[in-house]
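2 protein chains.
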Amino acid sequence: MNGAQAVATTLVKSGVTTCFANPGTSEMHFVAALDAVSQMRGVLCLFEGVATGAADGYGRMTGGPAAALLHLGPGLANGLANLHNARRAHTPVLAIVGDHATYHKRFDAPLESDIDALAGSVSGWVRRSSRSAEAPADAADAIAAAMTPPGQVATLILPADVTWTDGAQPAPAAIARPPAQVADSVIDPIAAVLRSGEQCVILLGGAGLYRPALEAASRLAEATGARLIAETFPARLQRGAGIPAIDRLAYLAEFAVGQLAGARHLILAGARAPVSFFAYPDKASYLVPAGCDVHTLAVAGEDVAGALAALGQRAAPDATARPAPSARPELPTGELTGQSAAAAIGALLPEDAIVCDEANTSGIWLPAATAGAPPHDWLTLTGGAIGQGLPVATGAAVACPGRPVLALEADGSAMYTISALWTHAREQLDITTVIFSNRSYAVLNMELDRTGATTTGDVARSLLDLSRPTLDFTALAAGMGVPATRAVTAEEFAGQLRHALAEPGPHLIEAALPAVG
Amino acid sequence: MNGAQAVATTLVKSGVTTCFANPGTSEMHFVAALDAVSQMRGVLCLFEGVATGAADGYGRMTGGPAAALLHLGPGLANGLANLHNARRAHTPVLAIVGDHATYHKRFDAPLESDIDALAGSVSGWVRRSSRSAEAPADAADAIAAAMTPPGQVATLILPADVTWTDGAQPAPAAIARPPAQVADSVIDPIAAVLRSGEQCVILLGGAGLYRPALEAASRLAEATGARLIAETFPARLQRGAGIPAIDRLAYLAEFAVGQLAGARHLILAGARAPVSFFAYPDKASYLVPAGCDVHTLAVAGEDVAGALAALGQRAAPDATARPAPSARPELPTGELTGQSAAAAIGALLPEDAIVCDEANTSGIWLPAATAGAPPHDWLTLTGGAIGQGLPVATGAAVACPGRPVLALEADGSAMYTISALWTHAREQLDITTVIFSNRSYAVLNMELDRTGATTTGDVARSLLDLSRPTLDFTALAAGMGVPATRAVTAEEFAGQLRHALAEPGPHLIEAALPAVG
Chain S
42 MNGAQAVATT LVKSGVTTCF ANPGTSEMHF VAALDAVSQM RGVLCLFEGV
92 ATGAADGYGR MTGGPAAALL HLGPGLANGL ANLHNARRAH TPVLAIVGDH
142 ATYHKRFDAP LESDIDALAG SVSGWVRRSS RSAEAPADAA DAIAAAMTPP
192 GQVATLILPA DVTWTDGAQP APAAIARPPA QVADSVIDPI AAVLRSGEQC
242 VILLGGAGLY RPALEAASRL AEATGARLIA ETFPARLQRG AGIPAIDRLA
292 YLAEFAVGQL AGARHLILAG ARAPVSFFAY PDKASYLVPA GCDVHTLAVA
342 GEDVAGALAA LGQRAAPDAT ARPAPSARPE LPTGELTGQS AAAAIGALLP
392 EDAIVCDEAN TSGIWLPAAT AGAPPHDWLT LTGGAIGQGL PVATGAAVAC
442 PGRPVLALEA DGSAMYTISA LWTHAREQLD ITTVIFSNRS YAVLNMELDR
492 TGATTTGDVA RSLLDLSRPT LDFTALAAGM GVPATRAVTA EEFAGQLRHA
542 LAEPGPHLIE AALPAVG
Chain Z
42 MNGAQAVATT LVKSGVTTCF ANPGTSEMHF VAALDAVSQM RGVLCLFEGV
92 ATGAADGYGR MTGGPAAALL HLGPGLANGL ANLHNARRAH TPVLAIVGDH
142 ATYHKRFDAP LESDIDALAG SVSGWVRRSS RSAEAPADAA DAIAAAMTPP
192 GQVATLILPA DVTWTDGAQP APAAIARPPA QVADSVIDPI AAVLRSGEQC
242 VILLGGAGLY RPALEAASRL AEATGARLIA ETFPARLQRG AGIPAIDRLA
292 YLAEFAVGQL AGARHLILAG ARAPVSFFAY PDKASYLVPA GCDVHTLAVA
342 GEDVAGALAA LGQRAAPDAT ARPAPSARPE LPTGELTGQS AAAAIGALLP
392 EDAIVCDEAN TSGIWLPAAT AGAPPHDWLT LTGGAIGQGL PVATGAAVAC
442 PGRPVLALEA DGSAMYTISA LWTHAREQLD ITTVIFSNRS YAVLNMELDR
492 TGATTTGDVA RSLLDLSRPT LDFTALAAGM GVPATRAVTA EEFAGQLRHA
542 LAEPGPHLIE AALPAVG
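Chains as they are written, first to last, in the numbering used here: chain S, 42 to 558; chain Z, 42 to 558.
Excised from the complex, chain S in its bound form (with noise of 0.2 Å):
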């Protein structure tokens, strides 16, 4: 078989079934082994950030890889804003990109450019193939490198000749490594720690925010008296009624400040020690406060869940968790705003529903209004690169097609890989996209006072704002194949939320809220 068959049935045979794909000429014989491989599914895309997206969001959901196929360096350059957050969230992805022939690449043909240079920008992994034969062993080897825990972005290059030279064999499977165990020397002084009386906060993340993990850090807050904060943007994040709760570290330094003052002890479980996300004139760069001591018990890609257990074998051996009760918000009536919407979220949210958060500014009442609901998957916008909430929910829908996904979406990072719901249409998935449109770049509105960039003219404030035209998200996705309705009221909202949850297949709905700016 040629190189591409042979790489596509490693690549089933690893456990890789699905590839979120945006191909090009290069890589028509990858394309044309796909049908020679009745398991893989492929998923088209119209743009490469909403395959990259998707990826990510399978690989969240699922702690394996999907493949996402790119088209020589201008298509992985398109996928990098979300390889770079689904780096920062620790997925395991496996980025395909073809290229030119190895023969064509002196050439220097239109599209030939550095591709190594972008891949290594967001990935742990990078291989160019060179030879048909060793294709498949390097596709094997992608597929370890990016289930290296805690995940990771592997990145495969595969020239156009290489898939289409015969002569290659399906290389053996590739293996997944568990996590490495945290060493009783860590876990020992940190118990000390943790009996000492002294204030601590254990900061969880990653994996530290799966529920087995949450329930041993509540057994050790019940018992110590610790707090329990989870890092600002998780990648997922299991809560609801039923799940010991935990509130995220603020986005805002000074807020993040005030929840971490007092402590005297820093643990971090999965999670780094805090930074600010952005520099501010005269803010900290670097949240620990002065005088508390940083402890890590487990760094990502360590067991987490499995040190907390061991830590609460030493510090709380007879502690229960505490669970989230079971507590719903009335559904509102009158104005939609912000909050109203977050309250009828809460309300109608299903059991065992993905939320793919991009709210940014309009989400800050989500997290409260939904503690209570059945439970659910919370994924947040990693890196900060924005137009991740469309695509990581189209990933998280196939990869859980029995699951009601939620995608919570700003109006401004909607805008960036809109095109994703046309693939919500084509693929017929179950996503409920709600559009918080304020028509404001709302961040930004608040960014500008905060650093300091004091202006009286209309030209900054104009490039914060999206009033002119206003985006109509209803069109939008009627353009491309996705039914849609706007809620200007909290009623309309909660009547139109509840008929998208209940009928199978993707909606939007765009919640007109006040404008921002």
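Be a bit skeptical, because a hint or two may be false.
[Said to hold, decoys possible] Some chain Z residues judged to face chain S by a derived CB distance under 10 Å, without partners named:
hint	residue
1	A73
2	L87
3	A118
4	A341
5	W463
[As the list claims (entries may be wrong)] Covered stretches of chain Z (in silico footprint by chain S; criterion: 3 or more residues with CB under 8 Å from a CB of chain S, positions within the stretch not fixed):
hint	region
6	58-69
7	157-169
8	200-208
9	214-228
10	263-269
11	506-512
None of these hints come from the bench; they were simulated from the model.
Virtual Cβ for every residue (Gly too), placed ideally from N, Cα, C.
Given chain S, put chain Z in place with the hints provided.
Frame of chain S; chain Z shown alone:
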């Protein structure tokens, strides 16, 4: 003044008076500075690929750079594909990339990434300002670099604290460097070749496709029998009635080989020796015929028109150029096809139009149909990174407010940067967008066969199919504030095109062509 104000002032002093922007928090001081510099026009784009493509279109039409303001690594990443096209077009572009404050980078905050690696892949010049006082001189150097003939992408990375720190002063204006003159020792032997009576082809590219160079080349052709061919994807080709006509080298290598067959000498005038766009099994990558000598009259960045004129003094002193005759097709009737749509465009193209051509497979009838239309500029997809047409049209319209712009777009390509339509509406740009909708990545259906990637299954074909669901571009346009219509007959198309061209401001026409695939 602070660094941002001094940089903005330096830009305006140097003639950089347009900034296509998609800013974020780290660029807030630069955004605020735009209010202090009234000559600067800020144009908001909803996606960075629109901003960079617009800067490309602006630079192609003015010969000087616009700025594209981008937000850290992910913002640059989103703009890379169209910077790749600008690099291939040799367009002067000033990319300004905001970054974290210098002291903040070591904290590896979520948006931290290797901006320099990304910038290097598309830029001829990259610098990272490190001090507020030096940033204005860095900006002047960047502008000078961008304008170095033939033009290139220059990327200036501006850390946030460099922009907000006081104590900067504007730098002296950057001065454009003229193109280098070609030496007589290069010209004389080529004149001898042209007088030899052996079959010669002059391959023109870059500034060799502007009217003065075309007229000089035409005189040579008339006097010596040399054939003129344009590079396949010109950045800007001046053409139409009264300007010497020139065929472009075919995209498909097998046709290009036919065009070059029999040539004993290939004279390069601002173009490179032709190579195949992609490699194919058992087909040549290098397209110069065996036995054909290649002579480089002028490389990109040298004075191509001057070199052609000097060559004319030696080889064709008494010749006159042959202008294309004025001729338009009849207005078409009946079925709307790529061919009849091209006829309508040829019949109605206004004088001085700027045509941004990303029609791809649907566009093959356009060159012939418009050859005798009133003089116009033709801008093509120089680097093969699709999603270029609507952004380039944006920049061309901003650059040339008195000229009508016609954006000819394939449906698949349009979706990469569809949000450009919003900027068309916001700025009320006089752009008529035609979407050639064949519900397919038609070029890939062709390439699937040409690459020998034979397949009998449905998966591969489905990955090239845009028909499920059908994209409704009139709804998409309406969602972004652009009046839109759909044409299903040639008469409808002609009527809608006439109306759109006559009425100022943006319009979109979806040309519903027969389906491909």
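Discussion item. Which constraints among the numbered hints does this structure fail? Numbers only, ascending.
Written reply: 4, 9, 10
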